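> Chain by chain, the residues:
2 protein chains.
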Amino acid sequence: MSDAAPDWIAADWGTTHLRLWAMRGCEVRERRASDQGMGKLTPARFGPVLEAAVAGWGAAPVVTCGMVGSRQGWAEAPYTPAPCAAEPRLVRVPDHAARPVYIARGVRQDSPPDVMRGEETQIAGLRLREPGFEGTVCLPGTHTKWVALHAGRIARFRSCMTGEIYDLLAHRSVLRHTLEGGCEDMDAFDRGCAEALADPAAAYGALFALRARALLGDLAPGAAASRLSGLLIGWELAATRDLWHRQPVALIGSPVLSPLYARALAACGIAARRHDAEDVTLAGLYAARQTIGAEA
Amino acid sequence: MSDAAPDWIAADWGTTHLRLWAMRGCEVRERRASDQGMGKLTPARFGPVLEAAVAGWGAAPVVTCGMVGSRQGWAEAPYTPAPCAAEPRLVRVPDHAARPVYIARGVRQDSPPDVMRGEETQIAGLRLREPGFEGTVCLPGTHTKWVALHAGRIARFRSCMTGEIYDLLAHRSVLRHTLEGGCEDMDAFDRGCAEALADPAAAYGALFALRARALLGDLAPGAAASRLSGLLIGWELAATRDLWHRQPVALIGSPVLSPLYARALAACGIAARRHDAEDVTLAGLYAARQTIGAEA
Numbered sequence: 465m466s467d468a469a470p471d472w473i474a475a476d477w478g479t480t481h482l483r484l485w486a487m488r489g490c491e492v493r494e495r496r497a498s499d500q501g502m503g504k505l506t507p508a509r510f511g512p513v514l515e516a517a518v519a520g521w522g523a524a525p526v527v528t529c530g531m532v533g534s535r536q537g538w539a540e541a542p543y544t545p546a547p548c549a550a551e552p553r554l555v556r557v558p559d560h561a562a563r564p565v566y567i568a569r570g571v572r573q574d575s576p577p578d579v580m581r582g583e584e585t586q587i588a589g590l591r592l593r594e595p596g597f598e599g600t601v602c603l604p605g606t607h608t609k610w611v612a613l614h615a616g617r618i619a620r621f622r623s624c625m626t627g628e629i630y631d632l633l634a635h636r637s638v639l640r641h642t643l644e645g646g647c648e649d650m651d652a653f654d655r656g657c658a659e660a661l662a663d664p665a666a667a668y669g670a671l672f673a674l675r676a677r678a679l680l681g682d683l684a685p686g687a688a689a690s691r692l693s694g695l696l697i698g699w700e701l702a703a704t705r706d707l708w709h710r711q712p713v714a715l716i717g718s719p720v721l722s723p724l725y726a727r728a729l730a731a732c733g734i735a736a737r738r739h740d741a742e743d744v745t746l747a748g749l750y751a752a753r754q755t756i757g758a759e760a
Numbered sequence: 465m466s467d468a469a470p471d472w473i474a475a476d477w478g479t480t481h482l483r484l485w486a487m488r489g490c491e492v493r494e495r496r497a498s499d500q501g502m503g504k505l506t507p508a509r510f511g512p513v514l515e516a517a518v519a520g521w522g523a524a525p526v527v528t529c530g531m532v533g534s535r536q537g538w539a540e541a542p543y544t545p546a547p548c549a550a551e552p553r554l555v556r557v558p559d560h561a562a563r564p565v566y567i568a569r570g571v572r573q574d575s576p577p578d579v580m581r582g583e584e585t586q587i588a589g590l591r592l593r594e595p596g597f598e599g600t601v602c603l604p605g606t607h608t609k610w611v612a613l614h615a616g617r618i619a620r621f622r623s624c625m626t627g628e629i630y631d632l633l634a635h636r637s638v639l640r641h642t643l644e645g646g647c648e649d650m651d652a653f654d655r656g657c658a659e660a661l662a663d664p665a666a667a668y669g670a671l672f673a674l675r676a677r678a679l680l681g682d683l684a685p686g687a688a689a690s691r692l693s694g695l696l697i698g699w700e701l702a703a704t705r706d707l708w709h710r711q712p713v714a715l716i717g718s719p720v721l722s723p724l725y726a727r728a729l730a731a732c733g734i735a736a737r738r739h740d741a742e743d744v745t746l747a748g749l750y751a752a753r754q755t756i757g758a759e760a
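Here the protein sequences come in this chain order: A and B.
Just so you know, the first sequence maps onto residues 465 to 760 in our numbering.
Just so you know, the second sequence maps onto residues 465 to 760 in our numbering.
The hints are simulated quantities; they were obtained by calculation from the structure and are not laboratory data.
Keep in mind it's a predicted model, so treat the numbers as computed, not measured.
Where is the CB? At the ideal position from N, CA and C, for every residue including glycine.
There's no promise every hint is true.
[Stated by the list, open to error] To give a feel for the contact side, a few chain A residues facing chain B, derived at Cβ under 10 Å:
{"no.": "1", "residue": "H614"}
{"no.": "2", "residue": "A676"}
{"no.": "3", "residue": "D682"}
Okay, chain A solo, but in the shape it has when bound (with noise of 0.2 Å):
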């Protein structure tokens, strides 16, 4: 830590994980990193987890995004209804006295029914870098959001299962014997990928025949593991073609994930920019700390 103590600090508190940084501006001091996600804390045990994690830092207040603010976080952070600027928006923790802790509300869906949350903190921040920015963010995942940003507002998005389907099928499923490695091998990702986004019907018979194939010696384990990507985010870009066609698009995601996605795309003829998710992210708080005192 650096001799001046931070002004705030930004938090991504999700599922799995607990991100912090000690803030100075829009500047990084320090970065801490648990596995204290709100999945494993009950209710009472936000506050001094939190407290724990960033001892040393002082009392600046806490920004945070993510699953923190769900019903069976901290403190329900109510969904914004979409259509609905691409701003942030803070509700602030009750009963912490140790410093002010505000959490940034997710955004809903309701036809057809979806839920972003820590998403819309991402697309905040992508319009810092980007403002004059039209078109679709993709943000690969567990849950893979694809997000319509029209003249400063979240228009309509869609979510996809792909990276926890490709981890279910890679990991629990008869396929769990066949996969080896990851996704190394582009030939298979991209066949598999064209075959998905042409007849995606068609992809769900392709799933087993990984596993015949593998059988009866006609693919090797590491193009098995390449060719599910390539069927999983096929299928994926046939169910949101409606939201990248002739779109510009905005890539925030894993260094993992985030070339397999620009890559399907671009064998669509989309060139999308990727943007680091970790620096999206403190944009997105950093605009969120602006608001503060405005808060619902």
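Once you've looked at the hints, dock chain B against the given chain A.
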């Protein structure tokens, strides 16, 4: 057990179970079942487990189908390549002194790659029950099979992982918080099925929407399970349309799954005929027994 010893023993030895029938001709004298599936046995254990399971049934030969014949099973019964006669073919287990043991060969398809082990025996049994049947056999299960039968031959087939994907989504994914009970809300099932069949790509986005609808109070837990079941079966029907469209369809499967497939097919104008799985399994093993002496 009745007075006379069985003259043969039928067995269905799958990954998770071992089912045994003491037979005289085509008449069942006694049933036994255990959880000693091939998935939990090392190769050396198969013989002792079988002998313990048939204790008191004399020295009658055993005819079995299922994963016991896989490479990881007791003795590999090679796949017969499709197209092939829809008739049983056996291999004899070497080095089992206590009694003759025969295992039915599975069927493989090279393009597109697919495999079955056990279903080929049920199909042979179906042909005894409906000798003139021409059309498609649907065998719902963990990995549902759709098998085109023409002129007494398995022409082609396709496996869909619907059962396994349902279990993973319902019990291991974020949807586990949302689903309760089985498929009881038939309106929700019908709507999910029709939606996925009409637009299989869009159904991909409809999965996370189940969670969102529950969070937004828009869907009862019972309806969610029914809708998920409908979405996945509708998706499967879209992926197999070339196999069932304008075809006679026979259904062989569990009392839980078969009515759902029958309902989904009925909505498409297909009146599927249902067959009892045990009945056709035993008929198929009976047909297989007639071939003893001709095994490859």
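> Against this structure, judge whether each hint is valid.
Here is how each hint holds up against the structure:
For H614(A), the interface hint is violated, the least distance from its beta-carbon to any beta-carbon of chain B being 19 Å, above 10 Å. Because the smallest distance between the Cβ of A676(A) and any Cβ of chain B comes to about 4 Å, under 10 Å, the interface hint for this residue holds. The interface hint given for D682(A) is met, as the beta carbon of that residue sits about 6 Å from the closest beta carbon of chain B, less than 10 Å.
The structure shown violates just one earlier hint, number 1.
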